[in-house]
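**Student:** Based on these hints, arrange chain D on the given structure of chain S.
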Amino acid sequence: MRFLALLKKELRECLPWAVSAAAFLLLFGSLELRSRLQRDVDEYQYRVFERYSEVSGYELGKYPLGDVGLLVFVSAVGLGLALGVRQFWFADFTGTWGFILHRSTHRTTILAAKICAALISLIVAVGLILCYLFWRASLPDYSPVPPPIGSLIGGWMICGIGLLFYLGAGLAGLSKARWYTTKLAGLGFTVWMFFTFTQQWTLWWSFGTLVIGTGVLLYLMWETFLKREF
Amino acid sequence: MAKRNVLEYVSRPAEAVIALILIMFIVFFAQFLVTELVWLYTYEKPSPPIYPDDPQWRIHRAAKHFLPDGTMHLVHRTDAQDDGDYTKEEITDVNGDILWQGIRKERPFKYLEWESSPREYAEFYGEQQISRMLLSPPLPCVLEVPVKVGEKVKEVWQYDLEAQVFAGYSIKVGLMGYLGANGFALSKAQAQPLGKFEGLALWTDEDPSSIVMLGVTKRRIYQIDFRTHKVETVFDSGQTDIESIRWHRWRPMNPKDSNSSDIQYRPLIDCRTADRRQHLIMREPNQVLTVELPEQMQTRQTSGHWPFKVDFTATSDALFMQYRENHFNPPKSHKLLEQYQREYASKPRPQSLQLYKVIDDGKMELVKQLDWIRPVWEKPYPADSREIIMKWASTMSPPVFDLLWYLFGDSLYEFGSEGVSTMRMMQAYAVIIIEFRPRYSSLNCVLSTAMMMIAFWHGWSRRTSWGKLFVWLVLVGAFNLAGLLAYLALNHTTVIKCPVCGRGRGLERVDCVRCGAELPVPERRKLDLIFDT
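Just so you know, the protein sequences line up as chains S and D, in that order.
For this note's numbering, count along the first sequence from 1 and bump the result up by 14.
For this note's numbering, count along the second sequence from 1 and bump the result up by 32.
Hints are not guaranteed to be accurate.
Unchecked claim - Mimicking DSBU-like on lysine-lysine, the simulated pairs with C-alpha atoms at most 30 Å apart in a straight line are:
(1) Lys500/D <-> Lys241/S
(2) Lys197/S <-> Lys529/D
(3) Lys220/D <-> Lys204/D
(4) Lys96/D <-> Lys389/D
(5) Lys341/D <-> Lys395/D
(6) Lys241/S <-> Lys23/S
(7) Lys186/D <-> Lys220/D
(8) Lys184/D <-> Lys204/D
(9) Lys22/S <-> Lys190/S
(10) Lys500/D <-> Lys190/S
(11) Lys379/D <-> Lys423/D
(12) Lys262/D <-> Lys204/D
(13) Lys529/D <-> Lys241/S
(14) Lys190/S <-> Lys529/D
(15) Lys197/S <-> Lys500/D
(16) Lys190/S <-> Lys23/S
(17) Lys364/D <-> Lys341/D
(18) Lys423/D <-> Lys77/D
Bear in mind the hints are in silico, worked out from the structure with no lab data behind them.
Chain S with its partners taken away, still in its complex shape (with noise of 0.2 Å):
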């Protein structure tokens, strides 16, 4: 019950940052899909190779859902980042955080209410808008050719870069080292898991690195919240 209260506090809390990313997405991401259903019609009807030509398979390549896939990430992130420096960084953003914490509750359970409570924002806020938008994009009187599975999958492993760097700015803002030496290292650690997620050839490799640096992060974070002084 202690649980599920403090996680509706931090629901609460999170809700107007996930209405906006929420909201964000859907404005860009509909307005990108009208614009590419244009675009389309015009790259097919406008493509012209010459001649007795070698094509490049770059010519031929396309992402099926556009910008989406980067409208996703800045959402995400975006989000991500908000909620781990609200939550953590200015903890005492609505004055509540002495009160949370002196509750008659383990750490764990506050720590956990509010990682619960930024995951359901991340995957209301950005997961289910792109479900909407591939959704939309299915349907045979925007496209002729619909998007593959893969894009839908794609872009929820790009929402769970977003949990990567609220997980990244929490620990740097639980940190109490100084920032020129390692405060930032949290937020350092989630760029270069970033990276190395974007390098994998394979949605199933960049699951495992996802899974692999929110663990790590996961870890740092629980044992630092639970050792630092308030």
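**Tutor:** Below, chain D alone, put in the same frame as chain S:
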């Protein structure tokens, strides 16, 4: 063990590893930046090389071409720079007698052309890489081939990664069928998978709206004509993997270009398989010829020394092979390559160019051979200054990289020098180790030792245990500057003057490391309510 201790034992090393990795990347970046900046400001354009006036050098440097009857000509560039068609040339026979002088465009001889790798050949992994979804795609995320009629797109063929077939969508009616290994099929279940593509080459013919694809899988080569929905298995290697393909005039040539040569060529694909056989697939008429070359001819050389020793070409009259032998036999270990290259360049080396005619049963008949001696190669221009600067910058690199090079050098080299790897990040780390390793520099050892001494001096008064200090010293010694910075980032604690012995002591430890005196209790003050209650 208490739960708190377990957390400590795992989290402290994890923090140290993260800090070390991040600082290492910062140090690498600084090394790279310093190298590039110094190189930029000290760069001097090398003067053009001046070769000794030696007849053997003249032969060695000349381009060697064959006429279809087997006659060999040596083409000497007389201009200092290559100006394409307008380069001045002098053509001699193998005895050095001048046959012609003029600009390349007006050259009166038509020489044999040889096979090459497809120019736009793309290694296609067919995987959905995340960076392709975020950034501009380096390779197709989804391959879509449009088929036009006139100016309008009629169909789009999308490659289905999971089913390994092409799904065809008509712009008007939507899904219309699939192209698999067995040709066109109405349902996905009926279409046989083409297999995972290892490489693709695409081209247009006289109709630029119609694209034809040559798709190479592990064991098959397909040619797919999207306009006619025709899938042709050009070659099936059976149970052996295909290693590489090269081609000559396989795709249709512009009649204007193909008529410029008097030689009538047959379309050719040279497919090399893992069992060391060359399969020569020819058209006009269709023919497949398998050639087993001697071991010496099959060896692929390192770059800069003719990676392929043999080239094929097929004319309407004969099938030719040219074989170049420079007796450059690199050692099996890449760790010895640089040394071998220096030794190779330091002595005159016999060279040979041979022209063979391939008979229908796959046997070779020597047509022409030219042997010469390549004189000692002395670089007529200074060594690359970037290498010298990098050598100095790498003195700050972790000595542990040299250990890794010593233990796994060959694996790292092979992994790092792969053209495109599915594990690009790991490949990048291998390249970093190879490029930034200190190359057994004695200055690197001195600097590493100095870093250890600084860490020891810093850690002596702050140590909480000898074991921890020892581990840190080992890390600093192994990782040089990055190790020292990581150590300082994680171990810097305030030092106070010990009230008993008067020397520095860290606040992390209760007793002084020198005199053993405990930390002084703070003096009570008037308003110190805590002590009063």
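**Student:** If a hint holds in the structure, say so; if it doesn't, say that too.
**Tutor:** Each hint tested on the structure:
no., hint, verdict
1, Lys500/D <-> Lys241/S, "holds, 21 Å"
2, Lys197/S <-> Lys529/D, "holds, 27 Å"
3, Lys220/D <-> Lys204/D, "holds, 20 Å"
4, Lys96/D <-> Lys389/D, "holds, 17 Å"
5, Lys341/D <-> Lys395/D, "holds, 17 Å"
6, Lys241/S <-> Lys23/S, "holds, 23 Å"
7, Lys186/D <-> Lys220/D, "holds, 21 Å"
8, Lys184/D <-> Lys204/D, "holds, 12 Å"
9, Lys22/S <-> Lys190/S, "holds, 28 Å"
10, Lys500/D <-> Lys190/S, "holds, 22 Å"
11, Lys379/D <-> Lys423/D, "holds, 27 Å"
12, Lys262/D <-> Lys204/D, "holds, 21 Å"
13, Lys529/D <-> Lys241/S, "holds, 29 Å"
14, Lys190/S <-> Lys529/D, "holds, 25 Å"
15, Lys197/S <-> Lys500/D, "holds, 22 Å"
16, Lys190/S <-> Lys23/S, "holds, 26 Å"
17, Lys364/D <-> Lys341/D, "holds, 18 Å"
18, Lys423/D <-> Lys77/D, "holds, 20 Å"
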